[in-house]
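Undergrad: Sequence:
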Amino acid sequence: MTGPHLSALAAALDAELPAATALRHRIHARPCLSGAEAPTRDLVLAALPAGSTTKVADTGAVVRVGGAGPAVAVRAELDALAVQEKTGAAWTSEHPGLMHACGHDVHLAALTALARAIGRKGGPAPLLAVLQPREETYPSGAQDVVEDGILGREQCAAVIGAHVQPLLPPGTVACTPGGVNASADEFTVTVHGRGGHAAYPHLTRDPVVTLAHIVVALQSLVSRDTDPMSPVVLSVSTLAAGTAANVIPGTAEARGTLRALGSGERETLHARLAEVAGLVARAHGCTAQVDITRGEPVLDNDAALTAATRPLLGPLGLRVGDDLRSAGSDDFSFFCARLPSLMLFVGTHGGTEQLHAPTFLPPDERIRDVAHAMLAGYLAAAELHT
14 MTGPHLSALA AALDAELPAA TALRHRIHAR PCLSGAEAPT RDLVLAALPA GSTTKVADTG
74 AVVRVGGAGP AVAVRAELDA LAVQEKTGAA WTSEHPGLMH ACGHDVHLAA LTALARAIGR
134 KGGPAPLLAV LQPREETYPS GAQDVVEDGI LGREQCAAVI GAHVQPLLPP GTVACTPGGV
194 NASADEFTVT VHGRGGHAAY PHLTRDPVVT LAHIVVALQS LVSRDTDPMS PVVLSVSTLA
254 AGTAANVIPG TAEARGTLRA LGSGERETLH ARLAEVAGLV ARAHGCTAQV DITRGEPVLD
314 NDAALTAATR PLLGPLGLRV GDDLRSAGSD DFSFFCARLP SLMLFVGTHG GTEQLHAPTF
374 LPPDERIRDV AHAMLAGYLA AAELHT
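For the sequence shown, position 335 matches number 348 in my numbering, and the numbering has no gaps at all.
These are calculated hints, taken from the structure and not from any lab test.
Just so we're clear, the structure is a prediction, and the values are computed from it rather than from any experiment.
Treat the hints loosely; a few may be bogus.
[Unchecked claim] Simulated restraints, written as ranges between beta carbons of each label pair:
#, residue 1, residue 2, range
1, 365, 152, 33 to 39 Å
2, 230, 35, 51 to 57 Å
3, 250, 62, 42 to 48 Å
4, 55, 365, 30 to 36 Å
5, 135, 236, 52 to 58 Å
6, 302, 35, 47 to 53 Å
7, 213, 302, 23 to 29 Å
8, 108, 295, 46 to 52 Å
9, 63, 230, 58 to 64 Å
10, 34, 366, 18 to 24 Å
Glycine included, each C-beta is placed from N, C-alpha and C at the ideal position.
Based on the provided sequences and hints, a complete structural model is requested.
TA: Shown next, in the form of structure tokens:
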């Protein structure tokens, strides 16, 4: 079933690239933050082929391209970041302090080209174009799409995603089975002590010193509480305490992120973080409150779908790269938890640039690479699941 569609859809997709490039420029010039993506959504909807459209997750949408029956979803993200652009592009952001610094503009343009190609030529299965909001922040847009039930109502059989990756060289796609992105949770440790004059520390219970000991102690959770063969990250990234140099405050706060590529390690970290913070605080005469916001689970690529997609990448002009796993996170993982799903990483720079940087600007040529990667995943999913 895949063979007859591959060359025809690839040619039709390539014919859509000029329009997709122009759309990418418009999206990039008008970035919208998470939760406010309706203008971006409507811009993309106007470029998609006619099909049944359902608004979801407040500012997102799902568009069905093709007839009835089991369908394959392909997802692209709508939101931009609070980053001041420094690319110098002719189509640079028109909104100060906002920028498409994660490649979502490329993903949207690629999905639009794919949908238009399938709309013109047909395909082995209907396509669900998922325009997902709030990938960059909580509450997760992907989780809301899943919990809406739209995928079930549309008979979604599998979900495909593709993300630009500057660590990989252009023309290369990482198609890796299993866990490829870590779970991501945020934590806050608030130490409650007894404030007072900084000249009389013996009359206080200093939460600042206590918090400093907690921050250092938490580093042992990775080095001593988890298997060294299991990737885990614990980073404390913000500290806040006090307002005056001569006053010991009553509270001090630290915030950070927990990441793991295994569900067992994730739960261990949660339990031990609260235990260590509480015991260290008690040793200093203080108390510690630990709050954990559960974010994305591990992004777990379906093994069969991965294996079926890999041989299709070469005929589409893409090289299969080495396996790629990272402690980065993506809420595409919520789709993976419900349906056979695959996230493909598409090379852009070869390690010379970083996502979320104010200079991040994949060349327009990468739209084709992302679109062809999406096509490979769509065809493989149609073969396996519809």
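Undergrad: The structure should be examined with respect to each hint, and the outcome stated for every one.
TA: Outcome of the hint check:
The given range of 33 to 39 Å is respected by residue 365 and residue 152, whose C-beta atoms sit roughly 34 Å from each other. Distance hint check: the CB atoms of residue 230 and residue 35 are about 54 Å apart, consistent with the given range 51 to 57 Å. For the pair residue 250 and residue 62, the supplied restraint of 42 to 48 Å holds, since their beta-carbon distance comes to about 43 Å. The beta-carbon spacing between residue 55 and residue 365, approximately 35 Å, falls within the hinted interval of 30 to 36 Å.
Remark: the range hint 52 to 58 Å for residue 135 to residue 236 is upheld by a beta-carbon distance near 55 Å. For the hinted restraint 47 to 53 Å between residue 302 and residue 35, the CB-CB distance of approximately 52 Å keeps it satisfied. Between residue 213 and residue 302 the beta carbon distance is about 26 Å. The supplied range of 23 to 29 Å therefore holds. Taking the beta carbon of each, residue 108 and residue 295 are about 48 Å apart, inside 46 to 52 Å as hinted.
Judged by the Cβ atoms, the range 58 to 64 Å given for residue 63 and residue 230 holds: they are separated by roughly 59 Å. Under the hint 18 to 24 Å, the C-beta atoms of residue 34 and residue 366, about 20 Å apart, fit the expected range.
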